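Chains as they are written, first to last, in this note's numbering: chain S, 1 to 118; chain G, 1 to 113.
Think of the hints as simulated: they come from the structure by calculation, not from any bench.
Here the structure is a predicted model, which is why all the values come from computation and not from measurement.
For every residue, glycine included, the Cβ atom is placed at its ideal position computed from N, Cα and C.
Incorrect hints may have been included.
[To be verified] With a straight-line cut-off of 25 Å between C-alpha atoms, the simulated PhoX-like cross-links for lysine-lysine are:
no., chain 1, residue 1, chain 2, residue 2
1, G, K71, G, K57
2, G, K17, G, K59
3, S, K55, S, K20
4, G, K100, S, K20
5, S, K20, S, K66
6, G, K100, S, K55
7, S, K64, G, K100
8, S, K41, G, K100
9, G, K71, G, K55
10, G, K112, G, K55
11, G, K3, G, K71
12, G, K3, S, K42
13, S, K42, S, K64
14, S, K66, S, K42
15, G, K100, G, K55
16, S, K42, G, K112
17, S, K42, G, K55
18, G, K71, G, K59
19, G, K100, S, K42
20, G, K3, G, K57
21, G, K17, G, K57
22, S, K41, G, K112
23, G, K63, G, K3
24, G, K55, G, K17
25, S, K55, S, K14
26, S, K14, S, K64
27, S, K41, G, K3
28, G, K59, S, K66
29, S, K20, S, K64
30, G, K3, G, K100
[Said to hold, decoys possible] Far from chain S by the CB rule (all over 12 Å, computed), these chain G residues:
no., residue
31, L11
32, I13
33, K17
34, Q34
35, P44
36, T68
37, L70
38, H76
39, R93
40, K112
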Amino acid sequence: GAVVSQHPSRVICKSGTSVKIECRSLDFQATTMFWYRQFPKKSLMLMATSNEGSKATYEQGVEKDKFLINHASLTLSTLTVTSAHPEDSSFYICSARGLGQGRSNEQFFGPGTRLTVL
Amino acid sequence: SQKIEQNSEALNIQEGKTATLTCNYTNYSPAYLQWYRQDPGRGPVFLLLIRENEKEKRKERLKVTFDTTLKQSLFHITASQPADSATYLCALRSTNQGGKLIFGQGTELSVKP
Chain S
1 GAVVSQHPSR
11 VICKSGTSVK
21 IECRSLDFQA
31 TTMFWYRQFP
41 KKSLMLMATS
51 NEGSKATYEQ
61 GVEKDKFLIN
71 HASLTLSTLT
81 VTSAHPEDSS
91 FYICSARGLG
101 QGRSNEQFFG
111 PGTRLTVL
Chain G
1 SQKIEQNSEA
11 LNIQEGKTAT
21 LTCNYTNYSP
31 AYLQWYRQDP
41 GRGPVFLLLI
51 RENEKEKRKE
61 RLKVTFDTTL
71 KQSLFHITAS
81 QPADSATYLC
91 ALRSTNQGGK
101 LIFGQGTELS
111 VKP
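This is chain S alone, in the form it adopts within the complex (with noise of 0.2 Å):
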């Protein structure tokens, strides 16, 4: 089946700091690559959209400068959370919708990082 791996799985930064999480498609390309936010016993918040290649769509109220996505190649995309504050601590996600087999539909999601801000 299709892949997706997160990486770290776990982080603790000090505030101010700046993280990067990184999200791989292992065993398809993906056209486009999803970032998620998941607060316990939530839903999944979308908090922007990438297209390899191009800039990032950031859904309303989420700031782009603090959340910097890049998605350099068809199997790679990363999140930097920017001066991250306790309040951005929270469950990341990323997902994939991909290329080929039958695959332009389904959206795969990686194991989730979660991310503690002291």
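Add chain G to chain S, keeping to what the hints say.
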């Protein structure tokens, strides 16, 4: 307003029974609907996709129905097992939302032995 709603109350059933989860939506025109399973601290795992012109889809012990008149999808797990205990999310991709996948809040299923 646009809404996608799942039963927010946890569903508790006995092993061997059929679990039925509901997903209702309003003011969307879904091209298709997907069901995911999510375990605590993990990302969602894709289970099934059903398109707007399909009434039913099956995969092993799973069955999904899609009624665009009622604006509802039902997700069934037959012969449920304790290992099926998880949160189940429905998500729709709407023709008027730029292709984004919009999620319901999920229903927590607990299967007791």
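Hey, S/K55 versus S/K14, does the alpha-carbon distance stay inside 25 Å? violated, 28 Å
Does G/K17 pair with G/K59 here, judged by a C-alpha cut-off of 25 Å? holds, 17 Å
Per the stated criterion, does the least C-beta distance between G/T68 and chain S lie above 12 Å, as a non-interface residue requires?
At roughly 17 Å from the nearest Cβ of chain S, G/T68 sits farther out than 12 Å, so the non-interface label holds.
* To do: Check the non-interface label on G/P44: least C-beta distance to chain S beyond 12 Å or not.
  => Non-interface label fails for G/P44: nearest chain S Cβ at 5 Å, not farther than 12 Å.
Check the hint pairing G/K17 with G/K57 against an upper bound of 25 Å on the C-alpha distance. holds, 20 Å
Is it true that the CA of G/K100 sits at most 25 Å from the CA of S/K42? holds, 18 Å
- Item | Assertion that G/L11 lies outside the chain S interface [Cβ separation over 12 Å] | Nearest chain S Cβ is 15 Å from G/L11, so the label holds.
*Hey, S/K42 versus S/K64, does the alpha-carbon distance stay inside 25 Å?*
holds, 23 Å
Notebook entry, point to check: Does G/K55 lie within 25 Å of S/K42 when you go C-alpha to C-alpha?
Noted result: Answer violated: S/K42 to G/K55 is near 29 Å, above 25 Å.
Run the distance test for G/K63 versus G/K3: straight-line Cα separation, threshold 25 Å.
holds, 23 Å
Q | Status of the stated non-contact between G/K112 and chain S (beta carbon gap over 12 Å) | A | G/K112 is indeed farther than 12 Å from all Cβ atoms of chain S, at 21 Å.
A cut-off of 12 Å on Cβ-Cβ distance, and G/L70 was said to be off the interface with chain S. Does that hold?
With a cut-off of 12 Å, G/L70 remains clear of chain S, as the shortest Cβ separation is near 22 Å.
Going through the hint list in order, the structure does not satisfy hints 10, 17, 25, 28, 34, 35 and 39.
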